[in-house]
Amino acid sequence: MTLLSPAERSYLRDSLTASPIIRPDSRTPHQFRPIEAKTSFLSSSNGSARVRLIDGSECIVSVKAKVVDLASVSNLVEVDIDVDSFRDDSNFVTNLKFHILNSLANFPSTVLKLTTKYGYKLFIDVIVTSHSSYPLTLISLATYLALKTARLPKLVSEVNDEEIAEQPTFADDWAESTLIQDLLDAPFQPPVLITLGIIGNNIIFDPSIEEEQIIDNSLVIGFYNGRVITPINTISLSSISNGVNSIVLVKALELGNKYGGMVVKALDTLIEQDIDDENIF
Numbered sequence: 001m002t003l004l005s006p007a008e009r010s011y012l013r014d015s016l017t018a019s020p021i022i023r024p025d026s027r028t029p030h031q032f033r034p035i036e037a038k039t040s041f042l043s044s045s046n047g048s049a050r051v052r053l054i055d056g057s058e059c060i061v062s063v064k065a066k067v068v069d070l071a072s073v074s075n076l077v078e079v080d081i082d083v084d085s086f087r088d089d090s091n092f093v094t095n096l097k098f099h100i101l102n103s104l105a106n107f108p109s110t111v112l113k114l115t116t117k118y119g120y121k122l123f124i125d126v127i128v129t130s131h132s133s134y135p136l137t138l139i140s141l142a143t144y145l146a147l148k149t150a151r152l153p154k155l156v157s158e159v160n161d162e163e164i165a166e167q168p169t170f171a172d173d174w175a176e177s178t179l180i181q182d183l184l185d186a187p188f189q190p191p192v193l194i195t196l197g198i199i200g201n202n203i204i205f206d207p208s209i210e211e212e213q214i215i216d217n218s219l220v221i222g223f224y225n226g227r228v229i230t231p232i233n234t235i236s237l238s239s240i241s242n243g244v245n246s247i248v249l250v251k252a253l254e255l256g257n258k259y260g261g262m263v264v265k266a267l268d269t270l271i272e273q274d275i276d277d278e279n280i281f
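Going by full-length UniProt numbering, the sequence shown opens with residue 1, and the numbers climb by one from there.
Just so you know, these hints were derived from the structure itself, not from any lab.
Keep in mind that a hint or two might mislead.
What the hints assert, rightly or not - Calculated pairs, BS3-like style, for lysine-lysine (alpha carbon to alpha carbon, straight line, at most 25 Å):
{"hint": "1", "residue 1": "97", "residue 2": "64"}
{"hint": "2", "residue 1": "117", "residue 2": "154"}
{"hint": "3", "residue 1": "117", "residue 2": "97"}
{"hint": "4", "residue 1": "64", "residue 2": "113"}
All chains, full assembly: derive it from the sequences and hints.
Here's what the structure looks like:
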């Protein structure tokens, strides 16, 4: 990480507290950094995604489904996160895992239940190969893409297995597998976590590493089902910590509700474009 000099910090702070906000990379306040994404590229996974940012940050997510005895597990979604240069038990990695797991509390687990005895358990493995700024939003975007494109094998055995000892059996043809979306009556949109930077009374989306060094505070908001959801968390990304006043908090919620849907739409468009590219050959 390149630390800003006092003069650079002062100049950048003046720019970010100005009206209108002037960001060092010319983005608008609610604009994300450009990303490059690829889905369904890991043949051994039920779903996968790779997301790269323009600054070189990269995250790979794999989703694997395993048949389990429902009576033997307490949850059907498990997350593991590996960040380059950080221990798995470090506070940094633990907090990232907490936020991702917490956001998936709304996951429609009923679609994972195969029979009265058995169901799928999803193992979401995240690898952050490189990052400059706080990688939570990067991880969340990649997780969204991997879950949206995850496919589950078609069940061909009996659903009611209360009196049957054998495990479920599935169709051999992967072409008969189904997206999680197809198993639901409603649209399937996993929650997306958005990192907001607060500078004075101004709010910026997806702060860069330079912006993180001078912001007063940061918020992590989740967007799900067309609106911002709780919990809303504060995180400290710089040496400054001035708290969040109620006016700025309300403004953050309004911006999240206004632009969160655009983020989801952009991700869905990435998936459609990726599918179209594969269909060319």
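Hint-by-hint comparison with the structure:
1. 97 - 64: Cα-Cα ~17 Å, so holds.
2. 117 - 154: The hint holds at about 17 Å.
3. 117 - 97: Status violated; Cα separation ~29 Å.
4. 64 - 113: holds, 15 Å
In summary, the one numbered hint that this structure violates is 3.
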